[in-house]
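2 protein chains.
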Amino acid sequence: MHSDNLSGAVNQQERLDAYIAGFVDGEGSFSVSIQRNPSCRVGWQLRPEFHVSQNPERKVVLEIIQARLGCGIIRENHSGTRDTSLVLVVRRRTDLALRVVPFFEAHPLMSPKHQDFLAFADIVRRMDEGVHLTTEGFFELRRLALSMNGGGRYRRIHVM
Amino acid sequence: MHSDNLSGAVNQQERLDAYIAGFVDGEGSFSVSIQRNPSCRVGWQLRPEFHVSQNPERKVVLEIIQARLGCGIIRENHSGTRDTSLVLVVRRRTDLALRVVPFFEAHPLMSPKHQDFLAFADIVRRMDEGVHLTTEGFFELRRLALSMNGGGRYRRIHVM
Numbered sequence: 001m002h003s004d005n006l007s008g009a010v011n012q013q014e015r016l017d018a019y020i021a022g023f024v025d026g027e028g029s030f031s032v033s034i035q036r037n038p039s040c041r042v043g044w045q046l047r048p049e050f051h052v053s054q055n056p057e058r059k060v061v062l063e064i065i066q067a068r069l070g071c072g073i074i075r076e077n078h079s080g081t082r083d084t085s086l087v088l089v090v091r092r093r094t095d096l097a098l099r100v101v102p103f104f105e106a107h108p109l110m111s112p113k114h115q116d117f118l119a120f121a122d123i124v125r126r127m128d129e130g131v132h133l134t135t136e137g138f139f140e141l142r143r144l145a146l147s148m149n150g151g152g153r154y155r156r157i158h159v160m
Numbered sequence: 001m002h003s004d005n006l007s008g009a010v011n012q013q014e015r016l017d018a019y020i021a022g023f024v025d026g027e028g029s030f031s032v033s034i035q036r037n038p039s040c041r042v043g044w045q046l047r048p049e050f051h052v053s054q055n056p057e058r059k060v061v062l063e064i065i066q067a068r069l070g071c072g073i074i075r076e077n078h079s080g081t082r083d084t085s086l087v088l089v090v091r092r093r094t095d096l097a098l099r100v101v102p103f104f105e106a107h108p109l110m111s112p113k114h115q116d117f118l119a120f121a122d123i124v125r126r127m128d129e130g131v132h133l134t135t136e137g138f139f140e141l142r143r144l145a146l147s148m149n150g151g152g153r154y155r156r157i158h159v160m
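Protein sequence lines correspond, in order, to chains A and B.
Sequential numbering of the first sequence, starting at 1, is according to the working numbering.
Sequential numbering of the second sequence, starting at 1, is according to the working numbering.
Check the hints yourself; a few may be wrong.
The list cannot tell twin chains apart, which means a pair is met if one copy fits it or any two copies do.
[Unchecked claim] Derived SDA-like pairs (lysine to any residue); straight-line CA-CA distance at most 25 Å: (1) LYS59 x ASP17; (2) LYS59 x ARG91; (3) LYS59 x GLN115; (4) LYS59 x ALA119.
Calculated from the structure, these hints are not laboratory results.
Could you put the whole structure together from the sequences, leaning on the hints where they help?
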């Protein structure tokens, strides 16, 4: 009985995780923006970001994902003047490296967005190792970021 | 060993189903359009439809959903002149009643889109019983269709 309960709980968790992977495959975005930042050694900054946008009446799904990943903030999107949508955003590097990346490694996306995730995971991990702090390393990761093959709304690379 | 394999297969199926539910919660649509049709007894027609749209490079997800549900066709969307997206559409009433509705009853959506699904399922079931063939029944189902609380892109009610 105890074993059945445990197994049921595990299955429920697995279903929730798979549901989140499916939802994020449709609505989520793994992006690495490249921004001018004179305070950085190389004058530029790589900023990996995971986000999921939704209309306000569907906020509950963002809250479910936020609770499961244990990180991120939910805020207004502000991507357009009449945009009232909300967005769950994770930018903190330790959260990306220790929570977001391992989650989607364990629960992979099924669309080609998975390729973007793999590049994203690679960049996050190598930033964690400090690779981006040298000029050579920065340009290596920048190349990787630019190779991300989104071409759609889930790619957001700003080269300034 | 055999039992482990079986259990693994069941889990894999459950994960796929949960993934599809998550994906459809974000990208899918349950709608009932109301159309003028002089050949129908009441002069109008209710047309329930399940659909999921995607960019062509993400067609594989539509194929996964189509294969799992065992119904629907994938075609070009044609919702705008420059629209190149694809859409998986299920309109056949027996497919909706015997495949789509039972699937999302077993794997419920977590957002308020679930409310739309419940109304959709109710309409599909009652059409299956022939409720819409009487004037009274038609207007009852029409009221239900108009009550669907999408208010967004996943609501598509045409009153003509």
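A quick look at each hint next to the structure:
| no. | hint | verdict |
| --- | --- | --- |
| 1 | LYS59 x ASP17 | both (18 Å within a copy, 23 Å between copies) |
| 2 | LYS59 x ARG91 | within (19 Å within a copy, 30 Å between copies) |
| 3 | LYS59 x GLN115 | between (27 Å within a copy, 15 Å between copies) |
| 4 | LYS59 x ALA119 | between (28 Å within a copy, 21 Å between copies) |
The structure shown violates none of the earlier numbered hints.
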